[in-house]
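Participant: Residue numbers (the numbering used here), protein chains in the order written: chain A, 3 to 364; chain B, -16 to 70.
Some hints could be false.
[Unchecked claim] Pair ranges (Cβ atoms, derived):
#1 Lys52/B / Lys263/A: 23 to 33 Å
#2 Glu270/A / Lys52/B: 15 to 25 Å
#3 Lys52/B / Gly47/A: 21 to 31 Å
#4 Ala29/B / Thr27/A: 24 to 34 Å
#5 Thr3/B / Thr27/A: 25 to 35 Å
#6 Glu47/B / Arg281/A: 25 to 35 Å
#7 Ala29/B / Gln187/A: 39 to 49 Å
#8 Lys359/A / Lys52/B: 49 to 59 Å
Since the hints were made in silico from the structure, they are not lab data.
Bear in mind that the values here come from a model prediction, so they are computed numbers and not experimental data.
Beta carbons are placed, not taken as given, at the ideal position from N, Cα and C, and that holds for glycine.
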Amino acid sequence: MKYLDEYRDSALAKPLVEELRRAVTKPLRVMEICGSHTMAIFRNGIRSILPDGMELVSGPGCPVCVTSASHMDAFIGMADRPGVRVAIFGDLFRVPGSHGSLSEASSRGAKVEIVYSPMDALDLAVNNPDELVVFLGVGFETTTPGIAATILAAKNKNIKNFVVFSTHKTIPAPMEALLSDPALQIDGLLCPGHVSSIIGAGAWEPLAQKYHLACVVGGFETADLLKSLILLARQIGNNDIKVENVYPRAVSWEGNLRAAKMVAEIFEPADMDWRGLGRIPLSGLKIREKYADFDAEIRLDITLPEAQEPKGCLCGNILKGMNTPRECPLFSSRCTPSNPIGPCMVSSEGTCAAYHKYGQDE
Amino acid sequence: MCLAIPMRVTSVEGDPNDFTTNQIATVDADGIGRQIRLDIVDHWPAVGDYVIIHAGFAIHSLVEEEALKNIALLRELAENTPDELLS
Ligand code: SF4
């Protein structure tokens, strides 16, 4: 725990704040892609010390928020089936679908279990041999390898009542879709720390080159965040565009090859629906035929229902960096964390939730 | 979903090349031993190394030296700022 105290040392942060002021020499807009960054930026008060001319916009990096309404409806439909127990990461519990949420399904008797790790879901299958345990696979590159490892463990242990519904997504693909829209004027990307831990800092190079975008891979502590913003401002100020990694304690240039191999064993690229962004070619992962016994969509023969987006919710545009939560008429009035209308207010990494929790006094 | 705190490894089990073995480490979380999976860690850790954990899986391992070097870099950046800006 020693490290953390060092990074949070405010004596360290102060000169970094001053350095950031000096580094911003012209107006710039930076997108923080990752929901954990959005939260960390608010929690550390970074928004309140941003120099004039520097603007931060939040991107599509909250996995629960980008889960499409039709996937949510399919999840709830599965939970309602007899003999099925669904296991989820906690953030998903209260996300509204077209008609209610998993939380409501649970109160009418559906078996919904919140787990910390996909391995806990596998334990649920072992302990409930008469039920089919469905793990709802939601997440980006950081989460998918662990789910792949869990499927492999299920196969090795010959556990037959465990399946995964894969809505896994990959992060560079939607960025490409966003950045090709000229309406989104972005000069730089604060690249997600733990996604990059898997895909490697080098994975951002094509985007940096194609869109002439400053890219910095950063961590989540105050000093990490400030240093990332300083380097982004310097790159843009000096027109010296490249990929820099200021999170080497978690991220290498080439990424985590063991994890990549595990993912490639179980999953293959597939088109995927994103909330707000629509269907993006090869932006998701589906389970390979070889592991079809572990694929919920095949075992439960699921077709995705037509879904309705929550009325009046701007989540889709917020995920694209086109709107901020305060531009949503429902924000903090009809839509709050205790009574959420859209997923961006539910998830602990959602932009609306971040603005609601920390942004009140701005 | 991302937990950025590196945790110290206190024991390691399993064979890094054989996924049919239980690839597990114990880490020290505030004095409490917690089991985490090593199936997808980038480099197989030794006792005393640190790992970064996501949803019960170690995703990255680092030796103490690496982490300390990182802190030194941040300090350097701080120290290279003129004193008059420190007030
Ligand atoms: S405040 Fe609520 S309704 Fe508005 S965009 Fe955010 S989640 Fe949707």
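Participant: Are there hints from earlier that the structure breaks, and if so, what are their numbers?
Facilitator: 2, 4, 5, 6 and 8
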